[in-house]
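Engineer: Chains as they are written, first to last, in my numbering: chain A, 1 to 261; chain B, 1001 to 1228.
Calculated directly from the structure, the hints in this document are not laboratory data.
Be aware that a few hints might be false.
Short derived list, chain B residues pointing at chain A, Cβ under 7 Å [claimed, not checked]: (1) Q1138; (2) L1146; (3) R1228.
Derived EDC-like pairs (lysine to aspartate or glutamate); straight-line CA-CA distance at most 16 Å [to be verified]: (4) A:K116 with A:E130; (5) A:K84 with A:E105; (6) B:K1142 with A:E105; (7) A:K84 with B:E1002; (8) A:K84 with A:D175; (9) A:K20 with A:E53; (10) A:K7 with A:E105; (11) B:K1123 with A:E130; (12) A:K20 with A:D56.
Ranges between beta-carbon positions, derived for each pair [said to hold, decoys possible]: (13) A:D147 with B:A1203: 28 to 36 Å; (14) A:E130 with B:P1122: 31 to 39 Å; (15) A:L86 with B:P1122: 19 to 27 Å; (16) A:R124 with B:P1155: 43 to 51 Å; (17) B:L1031 with A:E130: 36 to 44 Å; (18) A:M1 with B:P1122: 36 to 44 Å; (19) B:M1045 with A:S259: 24 to 32 Å; (20) B:M1045 with A:A71: 31 to 39 Å; (21) A:E130 with B:V1017: 26 to 34 Å; (22) B:L1082 with A:P73: 50 to 58 Å; (23) B:P1155 with A:R28: 48 to 56 Å; (24) B:P1122 with A:R124: 33 to 41 Å; (25) B:P1122 with A:E203: 31 to 39 Å; (26) A:R54 with B:Y1076: 53 to 61 Å.
Being a predicted model, the structure only gives us computed values, none of them experimental.
We put the CB at the ideal spot given by N, CA and C, even for glycine.
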Amino acid sequence: MAILDVKDIRKSFGQTQVLKGIGFSLERGQVVSVIGSSGSGKTTLLRCLNFLERPDGGSIAVNGEILFDAADPATQREAEIRRKRLHFGLVFQSFNLFPQYTALENVTLAGRLLAKEEPDYKTRKKEMFERIDAEARRLLAQMGLSDRMNNYPHQLSGGQQQRVAIARALALRPDILCFDEPTSALDPELTQEVLRVIRQLAERQTTMIIVTHEMAFARDVSSQVIFMDGGVVVEQGEPAQVIGAPTQARTRQFLDSYSQN
Amino acid sequence: MELILQQMPVVIRSLNVGFLQTLRLFFVTGLGAIPLGLVIALGSMSRFRPLSLLTRFVVWVVRGTPLMIQLLIIYYFPGRVLNNNIWGSGEAGRFLASAIAFIFNYACYFSEIYRGGIQSIPKGQQEAGLVLGMTRSQIFFKITLLQVIKRIVPPMSNEIITLVKDTALARIIALQEIIWAGQSFLKGSSGIAGAIWPLFFTAVYYLAFTGVVTLVLGRLEKRLDYFR
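Just chain B, same shape as in the assembly:
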């Protein structure tokens, strides 16, 4: 116990740096996947059959394979197979590869939530807009959208909380996020070696952050409570 207290300041400093990278991956993925998911949802609902079939096929592949494998393929395929390492060897390249894998993976999950949300709005809402002379885009933005958002907040909250913890998967390509930082004290770093507690301690960071995320999403849900 005394040893842990002694190691604490060094470990915390290192975990904070790692957690910053975790947060960066989390926010970049959210920012990218939330709109991309809408594009994919519209693609899979398209009345142009080839487009909807292609989109659904891609969604099936992405949701049907482990995110960890997708990370490995995106990061190693260009260099190891095509002999063209587009990512370089630094942390920036690892981050970019991780972000692309996460954005694409999560956009596919989001798209299915959006599709369910959009299709759950009664057709009468759209028809009421049409007979009042509204355009399709006015109907989407002024009528449908907020109703869809209200319905998808709970399932989206689930996915977003999962995303917080899924960022740990980027460890597989050595992205220096918090798991990587915690694990470094096992092998030896900053004069500490063979310590496994920093790795266990990372759980506290995830728990605290999912707590914040839960609060924020709960407030959003509450703000949309004024209508049914």
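So that you can see chain A by itself, here it is in the shape it has in the complex:
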């Protein structure tokens, strides 16, 4: 069974229809890259999956459970949406670390707050916090940030900040980790250090959706590539096919703009 099943997602902002019926599915451990020009709806799609935008139409199912169905108001209750968000993690283009917390605190904050909702929080608080802390240290070490855990975001480079943000998203063990142009704010060197980390995650079978402009990386790391244009999926399939031998004229035109420079 697919870990993620997205059907016919539609979203308009005022008169502008940004998503005109997007559908795809994803198996556990797979990586799907979403490519396309700015304004094609890639970011809006990720924001819909993370419930930062509410789709006007379509449905989202994780592990067979319908999380959202535009036709069924029962799936749209505000109180439950917060919990449903936890199926997904999101890494932003602009990192969005919390400036008043250290790298380590950025990674542990949400886990500690969620622990409060556990029934035995009062009696096992210390043990829970120790576990959250240990997990955060392990993730930051995995991101190559062992010596930066107690630094504040403004003391870190962009690449380091983005790696903290990845650790922060992983700490809640999402089923699917989403990246919204994770390297667009970084210079080529820092881009490589972040891509290296994402590549490692792919090797460890982390299920991911990556919106990116890094074609070589997408081709390398993905099991599936989706090319979006004007709010629709123009072409999808294996990277060797979509990026290597696109069948649609629009895809070729888009990819040509990359090879030209």
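Add chain B to chain A, keeping to what the hints say.
Structural biologist: Quick look at chain B alone, frame taken from chain A:
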């Protein structure tokens, strides 16, 4: 000069009493207006249109009229117009009326500073909290609040220093604060009459106190310097 030195002990004693009332009005206003300002800020940012329009209207009226007139209206309107003097005739009533006028006036100014501070926090901070499963109140208290405080300390310092000196306006309803105390030696009090220097000398008190306030707020600003 010799006369001044001779009058000094009596005058200082009287100015100290007046200054105590000044300080009382200052702290009560701060304590009341700082939280009330947040309520007004949330009201003016409300998505419920009638509430935000009403709040903005009230803020416009309060900021658009002199505090001195507001003091006069609050103190005299009940007794002179409604024939129901709720304030009585003592110092306690004058203090209460002054405190209400000051709290409300300053809360309106603070609310605009808060609103600016809250709206200056990038939306990404809230979104990062949301995707990490935080509730709206967790996001406000654990993420937004400290960032807002850091940003509003400088403009708030300005307002708070202005407040120190604005307390002098309560003189208009004869609150016995330091200006009132200094002025009393002009008309005659404790055997001293026609002396204007005590009134001038009150400036020293204000200056010393704003110095203390500036130091305290500067330290607060420094303590929040650890992040950006």
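Engineer: Are any of the numbered hints broken by this structure? If so, which, sorted upward?
Structural biologist: Hints 5, 7, 10, 11, 13, 19 and 21 are the ones this structure does not satisfy, whereas the remaining hints hold.
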